[in-house]
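Enquirer: In order, the protein sequences belong to chains H and S.
Just so you know, we're using the numbering used here here: the first sequence kicks off at 1 and counts up by one.
Just so you know, we're using the numbering used here here: the second sequence kicks off at 441 and counts up by one.
Treat the hints loosely; a few may be bogus.
[As the list claims (entries may be wrong)] Covered stretches of chain S, going by a simulated chain H footprint (3 or more residues, C-beta under 8 Å):
id, region
1, 607–620
2, 626–640
3, 681–695
4, 735–746
5, 792–799
6, 840–848
7, 862–870
Keep in mind that the hints were calculated from the coordinates and are not lab data.
All residues carry an ideal CB built from backbone N, CA and C; glycine is no exception.
2 protein chains.
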Amino acid sequence: MSGLNETHDPSLTSWVESIGSSDFPIQNLPFGIFRRKASDEGFRGGVAIGDQIVDLQAVVAKSLLTGTALEAATAASASTLNDFMALGTEYWSALRLALSRALRTGAEQEPQFRDCLVPQSDAEYTLPCTIGDFTDFFASIHHATKASGVYRPDNPLPPNYKWIPICYHGRSSSIEVSGVSVHRPSGQVRPSKDQPPHLALSERLDHELELGFYVGSGNARGESVTIDEAENHVFGVSLLNDWSARDVQAWETRPLGPFLGKNFATTVSPWVTTMEALAPYRAAFSRAADDPSPLDYLTSAANSESGAIDICLEVLLQTEKMQRDGHPPERIGISNFVDCYWTLAQLVAHHTVNGCNLVPGDLLGSGTQSGPGREESGCMLELTSGGRNPVTLSNGETRGFLEDGDTVVFRGWCEREGATRIGFGELSNTIQTAHSLRDS
Amino acid sequence: MSGLNETHDPSLTSWVESIGSSDFPIQNLPFGIFRRKASDEGFRGGVAIGDQIVDLQAVVAKSLLTGTALEAATAASASTLNDFMALGTEYWSALRLALSRALRTGAEQEPQFRDCLVPQSDAEYTLPCTIGDFTDFFASIHHATKASGVYRPDNPLPPNYKWIPICYHGRSSSIEVSGVSVHRPSGQVRPSKDQPPHLALSERLDHELELGFYVGSGNARGESVTIDEAENHVFGVSLLNDWSARDVQAWETRPLGPFLGKNFATTVSPWVTTMEALAPYRAAFSRAADDPSPLDYLTSAANSESGAIDICLEVLLQTEKMQRDGHPPERIGISNFVDCYWTLAQLVAHHTVNGCNLVPGDLLGSGTQSGPGREESGCMLELTSGGRNPVTLSNGETRGFLEDGDTVVFRGWCEREGATRIGFGELSNTIQTAHSLRDS
């Protein structure tokens, strides 16, 4: 497996206590932007380990690093990660290596780094970076087939699906971090072709289980990124929920794509796991024998060998009643990014083949990640066949789509024989009781 | 006509010489970001008058303003107009009034303001602001009918067209100011259904004649902006060219909308004419008797009375040969924003009805503005019926779509009996000879 180095060694342990089965062992070291809860501190960069955060501003202030790692930490200690993301793989790697060495059991720098820890339980988060542009793909063929099949059972896949990594531009301003409330949107709906449309609160509110990849170093307008260069332009990955109002979306989408059905809210988990941390979980990319081979600009030996990534993804639901009754969130969907029809490198190569310029901090959503089965649904639209077959929860409640007070939780992790399990933390948001309509 | 004040008085003249029939009389006073050409000066805010720029940084440094106007000028003298745009109508108006008074014939402050002038011939421009999100509408029914009719002559308009101001999210990173070269993009095309798609340079490169409205003060996520509040959230308007590769667009657009066919380049003119400056050119909004009335959230008395704006728009083309031969750019299209199917206030009210948050500096494209006739085409797709009926220029050259070396120029202006003509300056870009393909 290429890309493995001492930071991935599964025998590494940290002097940070009680890491146990945490999502954040020393092999992970994801980046985020935090401050102490309800404080007037400035937001700043940090790295998660166990249940602690390494405060990079403190690390820089105490002069605990040197050289490239210090330059990287200085950039990463700002109030957004954009400058750090722009530095590129050499700097990201240098800082990861320096932190890995300083946090290992027996590290000489333990006392100094111990003074830089902030408990995650004391922290609050904001977006990891300023997101200039948000592109959302449609890269899971199982989602494309099942979700489109709700509307077009005989012919669910569009003719370009197996040729183009289909995507659209999303909205940046309404991207928020885990924990914020999501309001139920209003919009034009047209439940029947026999009636004119009207303005209403969405009755078909849905989540979409996605990964969000952050662009690291960008490319100039007019220049494309080859598939072999593509991953060097990606900093890392978070969980992403592309909240969707299916009734609004259905009426507005043709001819120019989804708009108000999507842009009221998108949420991301606070920690960004670097591409380097994902090295142990790479997998081969291949196509079914009767599928067309991707065009040359979407093909490379390295992509075929290890372009896919084995990332488990999970959706859990906790209704307001479950929360009151002390029931934990309950799994309603599970899938794996390894089943995605397109690889990350293909998404980047396609996005830039026309010379579109990517900018550090841009966000690329994978699209809803689903498997072929009902239990592998990344959204309610698939799980309940558009509300026709509601799902029954263990307490007897049913859901066709999401209701006010429902909390949707996403989790993601990588595990493989011979590697340490790493996780992405949690993305959790509760649906707010709707604002009153201004018009109806 | 509501919104008129002393700054619109057509009898006003300025002590700035040789304004003549310039786009920028004292009744206009548009804002932009400039510096002296090829200098190492910082970019900063300025206001156009005649062939000069009032350097707002100099105005602030010399303490020529007080109170609200000074606060506004301080914000507007920064390297982007975002902070100024965020201040809201009271501040924009105060600065306009103060500048109008200082620049009038006979103004006491003439000598001090004269020291703040920079000739436009010495200036270069950058984007007026950081554009967070770019939304592009499809608001001209003549464009929608004619452009869609190229592909679907029997049924050009989608069923939602007369109910929803259709739009999609565009790309922010590739928006550039007038003057930059536009490269011909590559992309997947599928000229025949009998053949698989392939990667190629676009052979159907097109302009789109649009207005670009900049958001001023924003709204919080979850809160909508009513139609009567809508225009208070808009700072002003520029010309916008939404460059399009029709062959790439045709193959990719279904199901999620245009992407690589659009996001390689969008260009805007450097000067932003404020909504206040447009007050004399307002017009009634109405619908044909057999068209549906817009839903309540898209309706108001003020919108019916004066929601439309009378803005003439013009496309000119200059081929490389014309340029060599000294032929000026030649008009190939003319239209008027007053013919738009939706008003600006309707676009804003629709955009936010789901609680989508607008941010100062966001850009709202009007969509291609066309009239019903062939000569009123805002793009080549309409003008040449998708290349089938090429246009013949006065020197005998023909064009189905744009060729390398072609320069596309947009102009826009407002004129009306009893008001002074104001213009938007020029938006001009030349198509660059294509980069070599990486793959074919």
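Enquirer: Determine for every hint whether it applies to the structure shown.
Expert: Hint check results:
1. Under a criterion of three residues with beta carbons nearer than 8 Å to beta carbons of chain H, the stated coverage of the region 607–620 of chain S is upheld, 9 such residues being counted.
2. Only residues whose C-beta sits within less than 8 Å of a C-beta in chain H count toward coverage, and the region 626–640 of chain S has 8 of them, enough to reach three; the restraint holds.
3. A stretch counts as covered by a chain when three or more of its residues have a beta carbon under 8 Å from one of that chain; for the region 681–695 of chain S and chain H the count is 7, and the coverage holds.
4. With a cut-off of 8 Å between beta carbons, the region 735–746 of chain S has 3 residues touching chain H; three or more are needed, and the interface restraint holds.
5. A count of 7 residues in the region 792–799 of chain S with a Cβ less than 8 Å from any Cβ of chain H is obtained; the coverage claim is therefore met, three being the minimum.
6. Counting residues of the region 840–848 of chain S whose beta carbon lies closer than 8 Å to any beta carbon of chain H gives 0, which falls short of the minimum of three for the stated coverage.
7. Under the rule that three or more residues need a Cβ within less than 8 Å of chain H, the assignment of the region 862–870 of chain S is violated, with 0 such residues.
Going down the numbered hints, you'll see the structure goes against 6, 7, while the others check out.
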